[in-house]
Amino acid sequence: MLLTVPVLTWAQNDALSGKDTIVSMRELHRLHREEKIARGPLGRRDMGNGKTTVLSLRSNLLRWLTFTPDLGLVLHCSPRVDVQLNAAWTSMTISDRYQKRYALWIVSPEVRYYLGQNQRYYLGIQGEVSQRNYRLRGRDEGKQGTVYGGGVVGGYQWRIGRHTSLDLHIGAGFNAGRMSHYDNNSLFDGQKPSRTFLRKEDEHWFGINHLGVSLVWDLYGRKGDGR
Amino acid sequence: MKRTWMVLMLATMALWLTGCRIFDVEDDLYDIDKEQATVSLQLFYVEHSTDRADVLPSSYGIRIYSDSELPNPSIQFVSARDGKSFTNTLNRSVDTLSYNGYLQPGSYKLLTYNNARGFKVDATSAEVERHGTSILAMPESLYLGSWLEQLTGGEQYSTDVQVRQRTRRLTFHVELEMSDMLTYVSGTGSLSNVCYRLDIAKDSIDPTCLATMPLAWQVGTVAAGDGTKTVELVCEANVLSPSAAEFATMGVGQTLTMEIRLAGPSGEKMVEFSFEHALDEAYRLGYVEATGDLWCIEHYEWRRRVGV
Numbered sequence: 224m225l226l227t228v229p230v231l232t233w234a235q236n237d238a239l240s241g242k243d244t245i246v247s248m249r250e251l252h253r254l255h256r257e258e259k260i261a262r263g264p265l266g267r268r269d270m271g272n273g274k275t276t277v278l279s280l281r282s283n284l285l286r287w288l289t290f291t292p293d294l295g296l297v298l299h300c301s302p303r304v305d306v307q308l309n310a311a312w313t314s315m316t317i318s319d320r321y322q323k324r325y326a327l328w329i330v331s332p333e334v335r336y337y338l339g340q341n342q343r344y345y346l347g348i349q350g351e352v353s354q355r356n357y358r359l360r361g362r363d364e365g366k367q368g369t370v371y372g373g374g375v376v377g378g379y380q381w382r383i384g385r386h387t388s389l390d391l392h393i394g395a396g397f398n399a400g401r402m403s404h405y406d407n408n409s410l411f412d413g414q415k416p417s418r419t420f421l422r423k424e425d426e427h428w429f430g431i432n433h434l435g436v437s438l439v440w441d442l443y444g445r446k447g448d449g450r
Numbered sequence: 202m203k204r205t206w207m208v209l210m211l212a213t214m215a216l217w218l219t220g221c222r223i224f225d226v227e228d229d230l231y232d233i234d235k236e237q238a239t240v241s242l243q244l245f246y247v248e249h250s251t252d253r254a255d256v257l258p259s260s261y262g263i264r265i266y267s268d269s270e271l272p273n274p275s276i277q278f279v280s281a282r283d284g285k286s287f288t289n290t291l292n293r294s295v296d297t298l299s300y301n302g303y304l305q306p307g308s309y310k311l312l313t314y315n316n317a318r319g320f321k322v323d324a325t326s327a328e329v330e331r332h333g334t335s336i337l338a339m340p341e342s343l344y345l346g347s348w349l350e351q352l353t354g355g356e357q358y359s360t361d362v363q364v365r366q367r368t369r370r371l372t373f374h375v376e377l378e379m380s381d382m383l384t385y386v387s388g389t390g391s392l393s394n395v396c397y398r399l400d401i402a403k404d405s406i407d408p409t410c411l412a413t414m415p416l417a418w419q420v421g422t423v424a425a426g427d428g429t430k431t432v433e434l435v436c437e438a439n440v441l442s443p444s445a446a447e448f449a450t451m452g453v454g455q456t457l458t459m460e461i462r463l464a465g466p467s468g469e470k471m472v473e474f475s476f477e478h479a480l481d482e483a484y485r486l487g488y489v490e491a492t493g494d495l496w497c498i499e500h501y502e503w504r505r506r507v508g509v
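Chains as they are written, first to last, in our numbering: chain F, 224 to 450; chain V, 202 to 509.
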């Protein structure tokens with residue numbers, strides 16, 4: 224099958240320069256594959272059109288699985304350093320007799336340093352401030368409060384498309400907050416139960432406080448070689 | 202790229218505009234001592250029959266609805282005056298109740314009424330019991346007060362509620378003038394065009410009207426004449442009323458239909474007749490002619506001589 228190609232993509236244009244402009248589709252695909260092998264895999268910030276990513280949008284898919292929208296912005300400051308600001312929010316109430324609750328917002332800044340020639344592995348530090356409100360099981364007390372935390376984070380990120388990357392990350396550190404414990408009691412006989420205060424407790428814990436499988440999309444790039 | 206930026210900016214703006222609510226994930230927690238929290242209610246009987254003091258309700262219910270329960274509330278019967286939780290002091294027209302409990306901030310509707318037999322009361326209406334296309338002629342007297350308020354919260358809360366009598370008792374007198382050869386055996390009848398449903402929210406009567414179930418006639422005085430005698434028949438009806446000043450008849454004419462069974466030398470005979478009148482008009486006339494005590498005007502005399 225013959226095809227006339229009036230407008231060529233960047234890859235086709237490179238491959239066909241100086242040749243006839245009428246080629247078969249199968250030939251085009253072969254040339255494209257050969258060109259990709261010759262260029263090697265795209266670099267972490269290489270947008271493939273001669274531009275280098277400066278700003279990316281990211282989202283942690285694991286949080287979406289818990290019905291928690293999660294978005295973040297990544298600023299690529301230098302070839303090996305990224306600065307991120309991530310945020311997530313949800314607010315759910317199950318209207319049963321216990322009024323189960325799952326609500327939170329988190330703002331989490333992070334700085335990463337990419338290692339190795341391909342800049343796929345990275346290490347970083349991250350902080351976190353959040354408000355949480357949990358009452359996941361009926362008979363348990365609910366608790367709510369503001370939590371601060373931070374720690375180290377590491378992971379692996381690679382290109383899965385021309386403008387898309389996949390990022391696996393895990394972090395460990397500490398979290399601390401002053402939580403108000405509550406229960407559901409009637410304030411007036413016959414009245415619908417309300418959340419009644421029980422006590423305040425300082426809580427802190429060490430361990431894994433960061434886990435994610437994130438998609439990263441290039442938002443904005445500038446001319447230059449990102450590899 | 203421009204499109205991506207625009208979408209991003211719009212999303213950021215939307216997040217910003219709704220931010221106040223979005224970031225409020227913490228709930229209000231009530232840290233109160235329930236034993237110290239008190240709701241006090243003073244019920245004022247602003248309209249009731251002064252000549253029938255004995256019908257002031259001996260017990261009544263109080264229901265409190267929050268905004269989220271309206272307009273289809275899960276009815277919550279809080280307590281009754283004769284319940285254990287309330288303490289009260291009853292005098293002629295004021296009843297004071299207090300209750301340990303806390304009403305959290307919000308809009309509430311309170312409804313208090315006596316458990317009058319023959320009435321069905323919910324958050325929106327009070328309705329005389331119906332049987333098919335007829336209503337009860339003699340439900341018990343209904344005393345009802347409602348109150349709607351936005352509360353800002355507080356452990357001590359008190360308010361006044363005006364309670365009004367929502368029924369008017371009518372007494373009908375019919376005089377039968379007949380030959381002394383005849384004897385009254387039995388009588389039945391009904392009153393048409395009586396409204397039966399009170400809209401509590403609007404505090405007005407639903408204009409739909411029905412006839413009452415059969416009225417119970419009793420023989421009153423019997424006066425002997427020259428070859429004739431006069432038999433007085435008396436019956437009562439208790440009809441819904443928006444206030445003490447009006448009848449629940451919406452200005453429509455009523456018809457009192459009677460069927461009287463008389464016995465004579467040639468056997469029993471059925472006599473049918475009816476009276477038509479607008480009760481509200483009659484009531485106003487009665488008011489002018491009465492002693493001036495509005496609450497006493499309950500008896501309506503409907504006299505007519507019937508020759509047989």
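Honestly, the hints are just simulated from the structure, not real lab data. Note that this is a predicted model, so its numbers are computed, not measured. Backbone N, C-alpha and C fix where the C-beta goes; we use that ideal spot for every residue, glycine too. Heads up, some of the hints might be wrong.
[What the hints assert, rightly or not] Capping the alpha-carbon separation at 25 Å, the derived lysine to any residue pairs in SDA-like fashion look like this:
| # | chain 1 | residue 1 | chain 2 | residue 2 |
| --- | --- | --- | --- | --- |
| 1 | F | LYS446 | V | LEU209 |
| 2 | F | LYS423 | V | TYR231 |
| 3 | F | LYS446 | V | TYR231 |
| 4 | F | LYS423 | V | GLN237 |
| 5 | V | LYS310 | F | TYR443 |
| 6 | F | LYS366 | V | LEU209 |
| 7 | F | LYS366 | V | ASP229 |
| 8 | F | LYS274 | V | TYR231 |
| 9 | F | LYS423 | V | ASP225 |
| 10 | F | LYS423 | V | MET210 |
| 11 | F | LYS323 | V | ILE233 |
| 12 | F | LYS274 | V | TRP206 |
| 13 | V | LYS310 | F | THR387 |
[What the hints assert, rightly or not] Calculated Cβ distances over 10 Å to all of chain F for the following chain V residues:
| # | residue |
| --- | --- |
| 14 | GLN305 |
| 15 | THR360 |
| 16 | ASP381 |
| 17 | ARG398 |
| 18 | GLY426 |
| 19 | VAL435 |
| 20 | GLU437 |
Each hint, compared with the structure:
A C-alpha spacing of about 22 Å is found between LYS446/F and LEU209/V, which places the hinted pair at or below 25 Å, so the restraint holds. Among the hinted pairs, LYS423/F with TYR231/V is consistent with the structure: their alpha-carbon atoms are about 13 Å apart, no more than 25 Å. Straight-line distance between C-alpha atoms of LYS446/F and TYR231/V comes to about 59 Å, which puts the hinted pair past the 25 Å bound. A threshold of 25 Å between alpha carbons decides the hint, and for LYS423/F with GLN237/V the separation of about 22 Å falls inside it, so the pair holds.
Taken as a hint, the LYS310/V and TYR443/F pair is broken in the structure, with Cα atoms around 57 Å apart against an allowance of 25 Å. A C-alpha spacing of about 34 Å is found between LYS366/F and LEU209/V, which places the hinted pair above 25 Å, so the restraint is violated. Straight-line distance between C-alpha atoms of LYS366/F and ASP229/V comes to about 12 Å, which keeps the hinted pair within the 25 Å bound. Our distance criterion of 25 Å between C-alpha atoms is broken by LYS274/F and TYR231/V, whose separation comes to about 57 Å.
The hinted pair formed by LYS423/F and ASP225/V meets the criterion: a straight-line CA distance of about 19 Å does not exceed 25 Å. Restraint check: the Cα-Cα separation between LYS423/F and MET210/V comes to about 40 Å, which exceeds 25 Å; the hinted pair is violated. As the CA atoms of LYS323/F and ILE233/V are separated by approximately 22 Å, the hinted pair is consistent with the 25 Å bound. About 17 Å separates the Cα atoms of LYS274/F and TRP206/V, which keeps this hinted pair within 25 Å; it holds.
For the hint pairing LYS310/V with THR387/F, the CA-to-CA distance comes to about 57 Å; that exceeds 25 Å, so the pair is violated. With a cut of 10 Å on Cβ distances, GLN305/V falls inside the contact zone with chain F, its closest approach being about 6 Å. Every beta carbon of chain F lies more than 10 Å from that of THR360/V, the smallest distance being close to 14 Å; the non-interface claim holds. With 10 Å as the threshold on Cβ separation, the claim that ASP381/V sits away from chain F holds: the shortest Cβ distance comes to roughly 64 Å.
For ARG398/V, the shortest C-beta to C-beta distance to chain F comes to about 26 Å, beyond the 10 Å cut-off, and the non-interface label holds. A cut-off of 10 Å between C-beta atoms confirms that GLY426/V is not in contact with chain F; the least separation is 64 Å. With a least CB separation of 44 Å from chain F, VAL435/V remains clear of the 10 Å interface cut-off, as annotated. Every beta carbon of chain F lies more than 10 Å from that of GLU437/V, the smallest distance being close to 37 Å; the non-interface claim holds.
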